[in-house]
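Student: Put the two chains together into one complex, using the hints given.
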Amino acid sequence: MSVTPAACDVGLLDRQEEDFKPQAAVIRRNLFGPVDHQQLQQDFQRLFCMSVENAKQRWNFDFQRDQPVPGCLEWEKLRCQDVPAFYHSCVVRPGMAKQVVEAAAGGGSCACSSPAKATEKYLELWTRGTLRGTKPEKRKAGLLGVKRRQANITDFFRVSKRRFLHHKASPGQ
Amino acid sequence: MELLCLEMDTIVRARPDPNLLYDDRVLQSLLTIEERFLPQCSYFKCIQKDIQPFMRRMVATWMLEVCEEQKCEEEVFPLAMNYLDRFLAVVPTRKCNLQLLGAVCMFLASKLKETRPLTAEKLCIYTDNSIRPQELLEWELVVLGKLKWNLAAVTPNDFIEHIMRKLPLPEDKLDLIRKHVQTFIALCATDFNFAMSPPSMIATGSVAAAICGLQLNSTNRSLWGDNLTELLAKITNTEVDVLKECQEQIERVLMNNLREGRRQQQKQQQQEQGGPRSKALDDQDQSSTPTDVRDINL
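Taken in order, these protein sequences are the chains called A and B. Going by UniProt numbering, the first sequence opens with residue 1, and the numbers climb by one from there. Going by UniProt numbering, the second sequence opens with residue 1, and the numbers climb by one from there.
If you're looking for bench data, these hints aren't it; they were derived computationally from the structure. All figures in this text were calculated on a predicted structure; none of them were measured in a lab. Be aware that a few hints might be false.
[To be verified] Here are the simulated distance ranges between beta carbons:
#, chain 1, residue 1, chain 2, residue 2, range
1, B, D128, A, R46, 23 to 29 Å
2, B, N256, A, G33, 22 to 28 Å
3, B, Q215, A, F63, 54 to 60 Å
4, A, Q42, B, V12, 39 to 45 Å
5, A, R58, B, T10, 41 to 47 Å
6, B, V12, A, P84, 36 to 42 Å
7, B, V240, A, F48, 43 to 49 Å
8, B, E248, A, C72, 52 to 58 Å
9, B, C41, A, E53, 20 to 26 Å
10, B, C41, A, F48, 19 to 25 Å
11, A, N30, B, Q271, 18 to 24 Å
Cβ atoms here follow ideal geometry from the backbone N, Cα and C, with glycine treated the same way.
So that you can see chain B by itself, here it is in the shape it has in the complex (with noise of 0.2 Å):
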């Protein structure tokens, strides 16, 4: 008998699984549990002293980039945002620790859900170095703990395939929506004003988004306007109302981004001409964390 070693140097995935993917309970069971993910509190207004909003734009778009860069699966940035926004509703914590804080989250969402893990050298390399190791071990231990170890929070990821095999799309889109909708999704995670959404309505709303922004609702009438929010609100539970005003929630998250991204982009050219630099940011499409928001049409 030969022994055959088929073990490569690639990344082990899951293939997407049918018995969970097309029966209705997954879903109804995932809507039943998401709440109790959120965090238990708009924690800057009655938790955090030091830190503020911005500072939380700050460390997500950070831990995007670090996910991006590390070509992270797409679950990894939004969970570990859950884990972040979880710790700082119960613990009150400094403005200095939270980048440490960033990625002891990323540190956990990415054992959760990764064969090959981000390991806390890299993470500590990524903060420049203002963190060490030893540090980042220690408070993974105090994140566990405040967290309860309930570390399989449900995220808007978990909708997406539920949501999309219940809408009539075309076959030959079915990708480049899910990597939009994924898009969408992360955008909503750096932005605090979704922190307190339950993930289903931030899929539901990002899938609406992603739908309108494509303009593949001309070419189906079951998907025009109206009738396409009505058919996603039927399918997670959601108000129609409430639906709406997330997508537009979402669209406008997009275009300050897209605004944001232009004026830096513009910036740089200025600065370098043209340097090495633009070209590294044309690079990063090929990550599956997706942040770049910039070729997406509304």
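Chain A with its partners taken away, still in its complex shape (with noise of 0.2 Å):
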């Protein structure tokens, strides 16, 4: 979203203005005068950066990158279909994406505007090592994992491109 600040405003009082009562005009007002927008996103920045940071450290995992990074936690990929069908929310199987996305784009019932946008939107689910089985083969590093407590939803996977709406649509049909 680029909006422009002042073309946005014009925009929002056009479609708004209506739902603002007379009083409305009282209680619409700045409080502590000018907000200074260059600070506010260095503030924005400092403090996303810092709990980017803290969540790569508790998990050391590169959430940006999407990549583990070295930690006491061993990370494996999975591929979709190996986790419950609950945690499906994708219709595009890596091997598959593309095929997948060009039926797509041609019977247009696909959310994505362009095929190149589609490619990236495959799930990547992630798990760690001892807590889900996963066949020999796909391992990439070898087992372990400090158990510290009981395991929450979020220790098993992660979302990290589009999440979709419709779970119809499993993967490996």
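Tutor: See the structure below:
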């Protein structure tokens, strides 16, 4: 979304002005003077990077690059169909990505606008080695993983790209 | 087979669930977990340098007005204030970003509690466009992270029905009592003195204040003075003295607000001589988030 603030404001006022009753004019106010947008952006970047860094340390996983980093957890890549259907939220299997995307682009049933984008959207499901049994040939790394506490759902997977709302078309069919 | 579409342009609300409201385990669980959602510290002393208590009141008043104007569900405002306090208890924040934070907290609370949540665009307009929707969405992520995504906080509103059903209250007054209790709870949320109090205590104190304020205790012996306080204290495992103190504090806050409201009204009348503004203020009663405390008689 790259609407300039000015254009954005005008559009909004057109669309939503009718929602604003007379007393809304009183409520609609700036409380503490002008906002320094540049400063705000810097503050946001600082806090956001901090939280990303915390998550990286905690899970020893680089969420921005989508890669594990060294640490006490071992990460393994799993195929979609190796995890329970409950976790499926994608329609494209990595191996079949191209075909399906082409088909979808032709049929117009795909939610994404361009095939280039669509190829990115298959799910990568990651899981901890000791917690999920995977086939030996798929193992990148050895066992391990320090079991510190009861596992959360978030321990098992992460949705990396896009999420689809319809679950009907699960992969591997 | 005919298909009927009964979808209407009304807000969908879940009906009160007797399985939840008439089960004491639910109340006990609420009492057990409520402390987890309190702010970590009294942040004006230890965390914040730029922000002062009166600024919290300013942003809270604005948030309440927005919630009321947009007819948000009652829990939205207290929940948003819970987010705001928890965030401020961990992140030093600039004064000029406080309104943005308030908007983000309303945005989140509304999404959690409403079938038709407030939009980012609307909230930005209420800040007089001092912030942009994009900024609101970015800060949403930051606030979520700092709250550790624990959004389903316990609010005083969660206790209202649990408390009220255990009191011998006249059937025909229930709606009125409920409305007054909600008003007191909203009032407490605007006042920093209550920010560290457990929600159950605020709820209990508000019920007590509402019953006393409506003078219902004169019709029923068991609701008389100390009896009422003891009964209420037992329901939420609160100390009687602490509860009394809480109720008195709520009544003090109400008195201050009424006085402030009257002063502002007079100022307005002097300025506008009964212009369209005073009419607009009278209309505010219809929203479901109650701010109008002027109709409460003590």
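Student: If a hint holds in the structure, say so; if it doesn't, say that too.
Tutor: Each hint, compared with the structure:
Restraint check, B:D128 to A:R46: a C-beta distance of roughly 26 Å satisfies the suggested window 23 to 29 Å. A hinted range of 22 to 28 Å holds for the C-beta pair B:N256 and A:G33, which are about 26 Å apart. The hinted window of 54 to 60 Å between B:Q215 and A:F63 holds, with their beta carbons roughly 59 Å apart. For A:Q42 and B:V12, the Cβ-Cβ distance of about 41 Å falls inside the hinted range of 39 to 45 Å, so the restraint holds.
With their beta carbons about 44 Å apart, A:R58 and B:T10 fall inside the hinted range of 41 to 47 Å. The hint said 36 to 42 Å for the Cβ distance between B:V12 and A:P84, and at roughly 31 Å that hint is violated. For B:V240 and A:F48, the hinted distance range of 43 to 49 Å is satisfied, since their beta carbons lie about 47 Å from each other. Between B:E248 and A:C72, the C-beta spacing of about 53 Å keeps the proposed range 52 to 58 Å intact.
In this structure the supplied range 20 to 26 Å holds for B:C41 paired with A:E53, their Cβ-Cβ distance being about 24 Å. Checked against the hint of 19 to 25 Å, the pair B:C41 and A:F48 passes, with Cβ atoms roughly 24 Å apart. Separation of A:N30 from B:Q271 is about 21 Å and conforms to the stated range, judged on CB atoms against 18 to 24 Å.
The structure is inconsistent with hint 6 alone, although it conforms to all the rest.
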